[in-house]
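Visitor: Each chain is listed here by its residues.
There are 2 protein chains.
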Amino acid sequence: MSVRGATAIILWLLGSLMPARADDGYRLWLKYDQISDRAYLKECVKTLNSVMVTGDSPVLMAAREELLTGLGGMTGRKISDVKNITRGGVVVAGTFKSSPLIASLLPDLQTGTTGEEGYLIKTVTHKGKRIIVIASEGDKGVLYGAFHLLRLVSMGVSLKDLSVTEKPAVALRLLNHWDNLNRTVERGYAGFSIWNWHLLPDYISPLYKDYARANASIGINGAVITNVNANALVLTEPYLRKVAAIADVMRPYGIKIYLTARFSAPAEAGGLSTADPLDPDVIRWWSDKVAEIYSLIPDFGGFLVKANSEGQPGPQNYGRTHADGANMLADAVAPFGGVVMWRAFVYDNNVPVDRAMQACNEFIPLDGLFRKNVLVQVKNGPVDFQPREPFHPLFGSMPSTPLMTEFQITQEYLGCATHLVFLAPLFEECLQSDTYARGEGSTVADVIDGSLYGQSLTGMAGVANIGTERNWTGHLFGQANWYAFGRLAWQPALTSAEIADEWIRMTISHDPGVVEGISRMMLSSRETAVNYMTPLGLHHIMAQGHHWGPGPWVDQGRADWTSVYYHRADTAGIGFDRTVTGSNAVSQYFPPLNDIYNDLTTCPENLLLWFHHLPWDYRMSSGRTLWDELCYRYNEGALQAEGYKAYWETLEGKIDPEQYVHVLQLLKIQSKEAHWWRDACLAYFQTFSRRPFPSGIGKPDSTLEYYRGLKFYYVPGI
Amino acid sequence: MSVRGATAIILWLLGSLMPARADDGYRLWLKYDQISDRAYLKECVKTLNSVMVTGDSPVLMAAREELLTGLGGMTGRKISDVKNITRGGVVVAGTFKSSPLIASLLPDLQTGTTGEEGYLIKTVTHKGKRIIVIASEGDKGVLYGAFHLLRLVSMGVSLKDLSVTEKPAVALRLLNHWDNLNRTVERGYAGFSIWNWHLLPDYISPLYKDYARANASIGINGAVITNVNANALVLTEPYLRKVAAIADVMRPYGIKIYLTARFSAPAEAGGLSTADPLDPDVIRWWSDKVAEIYSLIPDFGGFLVKANSEGQPGPQNYGRTHADGANMLADAVAPFGGVVMWRAFVYDNNVPVDRAMQACNEFIPLDGLFRKNVLVQVKNGPVDFQPREPFHPLFGSMPSTPLMTEFQITQEYLGCATHLVFLAPLFEECLQSDTYARGEGSTVADVIDGSLYGQSLTGMAGVANIGTERNWTGHLFGQANWYAFGRLAWQPALTSAEIADEWIRMTISHDPGVVEGISRMMLSSRETAVNYMTPLGLHHIMAQGHHWGPGPWVDQGRADWTSVYYHRADTAGIGFDRTVTGSNAVSQYFPPLNDIYNDLTTCPENLLLWFHHLPWDYRMSSGRTLWDELCYRYNEGALQAEGYKAYWETLEGKIDPEQYVHVLQLLKIQSKEAHWWRDACLAYFQTFSRRPFPSGIGKPDSTLEYYRGLKFYYVPGI
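Protein sequences, first through last, are from chains Y and A.
Going by the working numbering, the residue at position 438 of the first sequence is 510; the numbering climbs one at a time, nothing skipped.
Going by the working numbering, the residue at position 253 of the second sequence is 325; the numbering climbs one at a time, nothing skipped.
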């Protein structure tokens with residue numbers, strides 16, 4: 073071949089390289105695009121040329137496939153799938169048990185260092201060759217280790233002398249899907265349910281495997297695939313076969329399937345005359361049903377139950393307690409290793425007690441009465457996934473009961489899938505809250521990970537924001553919330569900044585300026601949403617039903633579903649008095665937190681109106697009156713949202729064009745809606761404060777009547 | 073550079089070529105993958121290296137973008153966007169008017185040869201350089217010509233001495249979306265509506281443009297984006313702004329937007345006390361509303377109306393005729409050039425006349441009474457999109473009224489999105505049917521294209537099968553039905569075989585054996601479905617409501633929605649007597665067709681039970697009894713469906729693996745469901761025939777009670 077000929081071929085090959093396709097978001101953070109940094113690419117090509125997985129279980133095969141695909145994509149080379157180490161650059165992955173080689177490479181390791189799910193990643197020299205070992209006591213640990221290595225490469229982390237030891241802090245790391253069998257998703261804003269019940273079990277959508285991969289990559293090991301407002305139909309045989317088909321796809325990725333149990337199923341689906349948990353026929357029905365489920369799904373995880381809450385049936389319908397109900401189901405699944413997750417989200421319109429207090433009132437007396445395989449699942453705050461709430465006072469208050477937290481990844485009260493609100497700071501704020509349950513330093517995270525009361529059955533649930541939208545979550549940045557939940561469930565001590573950094577590098581860009589700018593936006597975004605929606609401890613003033621736009625004026629219907637129940641604005645002031653002279657919700661917190669919240673001078677200002685009803689002229693630490701501060705915060709939120717849009721526009725040409733346009737359109741909507749929130753709320757609250765807007769704070773664009781008169785139809789999320 | 077160095081670079085570049093990603097179907101028939109045939113690639117690289125579009129209208133810019141992208145993808149080269157012809161291999165595209173160059177290249181052309189939508193594609197020599205010219209009298213013609221050239225390349229057609237002249241035979245080539253504002257789709261089986269009403273007009277999904285491209289590529293020039301079971305909300309200002317945003321995306325692709333008009337909108341959305349079409353306030357309301365629409369959407373197409381049918385409001389509610397209603401709306405849109413499409417799908421449970429006859433009874437007396445801008449939209453058959461019906465007797469029967477046909481692309485009665493049923497043969501069968509309206513050779517196509525009665529306002533509508541599924545249509549082969557509809561609306565004389573050949577080459581493979589095998593499957597698939605569902609002229613024996621599975625036993629509810637109304641099986645025989653001694657529906661056809669259908673000896677066997685009630689022992693042309701023939705046909709259908717599955721398995725490794733697995737899974741379901749149809753119908757009809765199954769025809773797998781007892785929930789399509 074002549075040089076001219078070679079040059080022609082090179083040019084031809086270059087010409088035939090298609091431009092990279094625009095990023096539609098489907099690949100999430102597992103993009104595996106070729107590394108663009110030449111030096112790093114060179115390092116990776118040298119360090120990661122082969123994969124040797126010792127063992128052939130389905131989970132190990134999944135790890136191997138992912139390593140071959142991921143490393144192949146990122147290095148732009150075909151990765152060799154080898155059986156022996158004949159040169160350097162091999163990634164060796166397996167369990168200590170299945171692989172004498174791995175055991176020999178890490179000879180000093182104590183049993184239990186990794187457990188079944190943890191792992192080591194180490195650079196070692198074997199017969200003069202530098203290799204990377206991914207090792208665990210269990211197959212799942214190997215899979216998680218493989219994803220960890222892929223994350224490091226995807227983030228551009230140097231691979232010299234790797235030495236990673238990881239182990240999850242929480243045992244059950246679950247997504248909760250509020251997906252209905254007709255494919256609508258309650259509080260779902262990313263299209264419709266990914267579970268195509270009609271075509272299951274015969275048609276296996278490619279989505280299922282990619283869903284499993286994404287979850288495994290962040291350590292999620294279970295999914296409750298049906299809505300907590302449950303349908304007994306899913307417990308019938310045709311549907312269980314469909315569920316089993318999903319479970320088959322999930323199994324190689326270490327993900328167990330759970331279902332929601334409709335408490336009245338024995339009557340609705342079983343033809344019994346009762347669903348009383350102490351009735352022998354009911355007990356037998358569930359026991360048989362559970363045996364049927366396990367015959368189809370040997371690793372079925374168990375049940376999640378919403379009972380006697382918002383119209384759902386439950387044991388109280390038969391004069392029994394939550395413990396009676398949970399224990400009956402727990403006994404049914406116990407022989408198979410299953411668990412029951414019983415939700416503490418209960419409140420009753422007919423009980424004349426502050427809604428925020430009812431869960432403690434109902435559940436604390438039951439502490440110690442639950443079976444060993446029951447967890448009580450508690451929302452992060454005592455009301456309902458508000459932009460800001462104090463942590464739920466149940467955390468720390470049930471020493472004999474495993475409590476798992478329920479976070480909401482889907483943004484029911486946070487602008488749906490249209491607003492960029494990075495939720496890691498919200499999750500982190502809750503997890504790092506000090507309950508003082510066993511003195512200072514008893515954080516919610518310590519409750520969740522079992523360390524506070526020495527529990528080994530631990531869990532964290534996140535209500536999924538996933539749907540049929542091509543990018544899974546509707547908003548590209550919704551992916552970051554899914555990602556953050558998984559990472560925090562694995563390791564609650566991670567910071568929001570660390571998580572944002574990982575996600576941005578894997579999803580958008582390695583450019584340090586871009587990473588820094590987007591990270592700043594993400595880390596401030598939750599506070600921004602709090603500002604334009606519910607500053608200073610305000611809560612639950614969203615429009616009734618869809619919870620999307622502002623509705624501080626909502627005063628019709630069930631009292632504890634109205635806004636006026638929560639903000640209590642009048643001409644004297646605003647806020648919910650939960651002090652000892654008010655509802656006394658402060659008393660549900662351990663000392664000294666009860667006093668801290670009770671005392672105006674120590675109550676954090678960001679929770680002020682959660683705990684106190686204050687006069688409009690109350691003087692804030694800023695020196696402003698409460699009214700002025702409220703105006704200032706709303707205004708600040710709207711300005712911040714506008715600022716995100718302006719910042720994003722500086723990224724044109726620096727990031728993928730489809731990502732750019734997608735997010736820009738949504739930031740424009742967010743900015744518009746932030747102003748709408750600001751204007752509607754200030755117009756409304758001014759009718760009580762009867763005070764002018766402080767200087768520099770513009771008046772609302774329209775009248776209160778205008779905002780109250782806005783009507784919306786078919787808002788997503790049913 | 074040394075040869076060794078060059079070789080290393082070549083190897084490096086080869087190594088970095090990622091394997092082609094599996095085909096998820098999103099790109100439809102516009103895949104633009106690099107040509108694999110080396111000789112053809114060489115020809116294309118030489119013949120198609122540059123694009124020169126003369127003019128800069130949005131439509132021409134869309135043509136340019138498509139040519140650059142499409143030719144770039146298929147040749148694997150960057151295509152030059154040039155302003156002058158300095159070498160051969162330029163594609164010059166533009167209108168005669170805007171480009172003196174083009175006018176000079178085709179000097180002998182008569183005005184009207186192409187019209188606004190037709191085009192020429194010619195290879196010409198210009199100053200010694202071989203170039204390809206795409207020319208039209210209108211911008212849209214240039215766009216269609218560009219897509220035609222891309223189709224030729226995509227199919228691998230030789231580009232030597234091109235000489236193409238095309239002109240659409242039908243003026244309005246429209247998709248009808250039965251999409252609701254809550255994003256459900258009536259009779260939609262491919263997910264949910266692509267129109268994201270909640271985020272419109274601010275968020276423009278990338279789907280919209282790709283939808284427009286796909287439609288333009290097959291000549292579709294309009295879309296009715298809302299359900300015929302209409303919601304007046306879409307006529308309110310916030311929704312019209314959303315519609316306008318969609319129209320803005322469609323406009324560069326020559327696609328006009330139409331809406332369904334809920335006849336009672338003046339009362340429901342306008343606050344009037346009536347919607348009487350002769351009421352001055354109602355007339356004014358519509359007139360104002362139309363002016364509002366055109367102020368937002370200057371090229372708005374007009375309205376499609378379903379009135380006084382299946383519970384929809386209409387002029388008859390006020391004692392007026394369909395013509396009164398249509399004309400009132402027609403007068404409102406006429407000043408803006410809009411049209412009204414008035415559906416003839418009407419039938420009344422309270423009228424004791426054969427449902428198949430009611431449209432003629434209601435509409436023929438109105439012939440000549442409609443305004444010039446009204447079309448009456450007629451389903452292909454007189455009942456409702458059955459696997460086989462005779463053509464609708466209205467075709468040919470309203471000489472003074474433009475009739476457009478309404479085909480159903482979505483497979484309401486043809487296995488939903490799960491069955492492979494290529495509909496071109498069904499469409500073709502209808503279009504080529506001879507109505508005898510003006511003597512022999514008066515085909516339905518002649519009615520539709522206006523040639524029979526000299527009409528220039530012509531149209532063809534197809535009820536879309538499009539949804540949010542990644543591949544748009546749920547089943548890969550559903551894309552072929554969308555494609556076929558567009559191609560036939562452009563040119564009703566195309567054959568199913570031609571259309572299948574185009575689609576297969578563009579979508580699946582160029583391998584002659586593969587093309588031939590898949591084509592054979594496609595071309596037989598409609599007859600296969602007829603066989604396993606409704607052979608010999610049976611019709612409307614589907615399960616009630618969802619129309620998916622078999623339900624020949626349905627006898628409850630509104631009579632003309634039951635199966636027994638249509639099959640009339642009893643111990644004496646089976647079939648609907650529509651002869652002169654029966655319902656006399658045959659009389660609605662022109663002579664000699666009325667006699668042909670009426671006479672047992674001339675009635676086509678594939679419509680036998682549509683027109684005749686016959687004894688079980690009636691002797692068929694095969695020599696078999698009617699009962700045996702029925703068994704034979706059902707059995708044959710099930711075997712054919714099984715055969716498709718077996719054939720598809722031979723394609724493993726020969727086609728894209730994702731396409732392979734996707735279709736294989738669906739063919740397995742189809743085979744299973746074909747057997748279900750066969751077994752359920754034969755088990756049911758045997759209770760009347762009281763005859764044994766002929767030898768070689770296996771008994772149903774289960775009892776009739778089993779099939780009748782099957783219950784399904786949440787079947788897609790609402």
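There's no promise every hint is true.
No distinction is drawn between identical chains; accordingly, a pair holds when it is met within one copy or between any pair of copies.
Claimed, not checked - Mimicking DSS-like on lysine-lysine, the simulated pairs with C-alpha atoms at most 25 Å apart in a straight line are:
| hint | residue 1 | residue 2 |
| --- | --- | --- |
| 1 | 281 | 717 |
| 2 | 740 | 232 |
| 3 | 726 | 150 |
| 4 | 726 | 783 |
FYI, nobody ran anything at the bench for these hints, they're computed from the structure.
Visitor: At most 25 Å between alpha carbons: which applies to residue 281 and residue 717, within, between, both or neither?
Guide: For residue 281 and residue 717, the Cα distance is within 25 Å only across copies (24 Å; inside one copy 35 Å).
Visitor: Reference check for the pair residue 726 and residue 783, CA-CA at most 25 Å: within, between, both, or neither?
Guide: This pair counts as neither: shortest intra-copy Cα distance 39 Å, inter-copy 55 Å.
Visitor: Classify it for me, residue 740 with residue 232: is the Cα-Cα distance of at most 25 Å met within a copy, between copies, both or neither?
Guide: Neither: 43 Å inside a chain and 51 Å across chains, both beyond 25 Å.
Visitor: Could you place residue 726 and residue 150 in one of the four classes (within, between, both, neither) given a Cα distance threshold of 25 Å?
Guide: between (29 Å within a copy, 22 Å between copies)
Going down the numbered hints, you'll see the structure goes against 2, 4, while the others check out.
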